[in-house]
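Engineer: Protein chains in written order, with our numbering: chain U, 1 to 376; chain F, 1001 to 1376.
None of these hints come from the bench; they were simulated from the model.
Think of the CB as a built atom: it goes at the ideal place given N, C-alpha and C, for glycine as much as any other residue.
Just to be clear, a hint being listed does not mean it is correct.
Computed from the model, here is a short list of chain F residues facing chain U with C-beta under 7 Å [claimed, not checked]:
#1 K1124
#2 G1258
#3 T1276
#4 M1280
#5 F1292
#6 F1294
#7 G1301
Here are some of the chain U residues that sit facing chain F, going by a computed Cβ distance under 8 Å [stated by the list, open to error]:
#8 V82
#9 G257
#10 G279
#11 P284
#12 F325
Number of protein chains: 2
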Amino acid sequence: MLRTLRTSQLARSGFGTPSFGLRFNSVGRAFVFSQTGEPKDVIQVLEYPIEKPLENQVLLKSLGFTINPADINQLEGVYPSVPPKSVQINNEDAAIGGNEGLFQVLDPGAKSGLKKGDWVLPRKTCFGTWRSHALVEADTVVKIDNTDLTKVQATTVSVNPSTAYEMLKDLKEGDWFIQNGGNSGVGRAAIQIGHIRGLKSISVVRDRPDLEVLKKELTDLGATHVITEEEASDKLFSKQIKSWTGGKIKLALNCIGGKSATSIMRQLGAGGSIVTYGGMSKKPLTFPTGPFIFKDITAKGYWLTRWADKHPEEKAKTIENIFKFYREKKFVAPPVNISTLDFSKGNDVVLSEFLDALGKAQKGGGKKQLVQWVEY
Amino acid sequence: MLRTLRTSQLARSGFGTPSFGLRFNSVGRAFVFSQTGEPKDVIQVLEYPIEKPLENQVLLKSLGFTINPADINQLEGVYPSVPPKSVQINNEDAAIGGNEGLFQVLDPGAKSGLKKGDWVLPRKTCFGTWRSHALVEADTVVKIDNTDLTKVQATTVSVNPSTAYEMLKDLKEGDWFIQNGGNSGVGRAAIQIGHIRGLKSISVVRDRPDLEVLKKELTDLGATHVITEEEASDKLFSKQIKSWTGGKIKLALNCIGGKSATSIMRQLGAGGSIVTYGGMSKKPLTFPTGPFIFKDITAKGYWLTRWADKHPEEKAKTIENIFKFYREKKFVAPPVNISTLDFSKGNDVVLSEFLDALGKAQKGGGKKQLVQWVEY
């Protein structure tokens, strides 16, 4: 917890009331929680003074952060990785929320090797990205080359595109994969990365009034075929899929579970794998026995956190590759909804606007929620 | 189909009526099926003359064969490996049933390298073991060293003990595994092979009036713990399992599916695998999403046929290892029910007695059904 020691000491000493009286730009804000539960009941705004870095530290300001399902699950206390309780609020230990975000160096300290203005990303998860400023050990962040990158591209790179990139890693040019949640953040990234790498993909999406619009959008991103959940689970339609793929789908990516997972698993060719990285339907995985035994199907899970925290250097390379795709205009950022929070409106307003964004993220199905702070 | 060419030619030429008039010991019998369906409706007795081997052939007589679930599924037409239609009966192409059995060389032919009296096993599955005599290419069988082996041990080695041996192969001394169907043929073999190899095991069995007797029997075979299905699915009892294993169960072997598979999967430690080799409950596999993602659980299948037909030399080594266990008195054959079929009673009686044994195999849960022929 070294990285927030000084902040937390101050918080412990009673700092953190809105009436503190520092200028806005010398006070940082963070969304923290001392207990887990319904997000709206447990999130509080912590104020803290913005201080000079010690020798190995850097002072960062936020250029934006996201609200992802895993962040919400951490708040609810139903996620296996738990952010450290590195601060105090109202005399209780608390954790700063958020795992994904972009920061800029305000003060590089004496020994970080960073420069003022550099863009950095957290090296590991549980960084606590839901804050305006961070005073951290320099080795907890990775500098990125921001040439020709937008803030949105850099803020949203760490979770969804990285997950898609890693899950597709073992496929070879010409290989087929199928995925549900084709319109999700990971789904859209997988379509594009697959296309760039010469893979062929079938994306399953929910039926909707504007289905043809969505189909066009996803095929424009590089999807080979876009089909509905109903089609994916239809026995006759399976023949259509077989005629497209020759029955040789190697990989199924599942973020939904329940029937949807069963459908895409059934499309796999001999020796194929279904990789589960989410469970949006909250329904268990249900697989017939036969394909496991006779078609040599494997079911696995993928958890970016485990991989990224174990292999931060590989993760940094993956991110560099995705930035390269952005610079080559081969890759498009996910649709985002940006909330811009303004300190000067008071903490109650800031919290309420943040909770609005979080509510939209909880509902899911729409755009990725991205939060930025008004600059002073 | 070379190996049965001459037989099938004869069968095609109209041979195969009970009134053929050869002496018993010059006429072979086989249980064959020209169509798939309910076993009692489709199995017929084929008679064929017992002939001298050509240069690369050997003439074998059966020392016994088993009736396994896969054999029955082949008859029913619901198994992915299909025995070749190598004979004819009543002018229809037909397959000889059976995948597991022991044969003895009656006439080694000119070039087989075998001797009269040698014991041999089929090199691959779909051999058609349900017959009294076989005239086959010499390279379709493997000679075994029958020193200190019983016929029952050699007849039953190819399927259950080999499956158990292979599925446990990657575990190391001291590793824990859990299995359902602890009292099945594979279950009993896994208990013993695990014990020999220094593995620790938890076997799940159905509750029954004589539970304590079965528990003693299986712990005498080498099971570390024997528990009931109710215990395996009980949350409190999970703590007991954790205290035994330190939460480090590496492998779960599943031949049942449904809730039973879910229960043993939940006991796996991080990075563990559940391997499905059967689906006795006919219920699908149902797994919660979380353990796949956060505990890095993998679900796979194991199909002995695929492995054995791809790697017949490895299979022969596995069988040699199991015979070694038998000779060292470390391994006990499964409980068998032996039916001895007598040609002289006529084909109707022989068929009816065979169908009785098959009915018992279909019911399952009891002893392994082994069939032998009366010798003349």
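Engineer: Decide, hint by hint, whether the structure agrees.
Structural biologist: Do the hints match the structure? See the list:
1. K1124: violated (17 Å)
2. G1258: violated (9 Å)
3. T1276: holds (5 Å)
4. M1280: For M1280 of chain F, the interface hint is violated, since the closest Cβ of chain U sits about 9 Å away, which is over 7 Å.
5. F1292: Status holds, d = 3 Å.
6. F1294: holds (4 Å)
7. G1301: Result: holds, 3 Å to nearest chain U Cβ.
8. V82: violated (12 Å)
9. G257: holds (5 Å)
10. G279: holds (3 Å)
11. P284: holds (5 Å)
12. F325: It is violated, given that the least Cβ distance between F325 of chain U and chain F is near 26 Å, above 8 Å.
Consistency with the previously given hints fails for numbers 1, 2, 4, 8, 12, ordered from lowest to highest.
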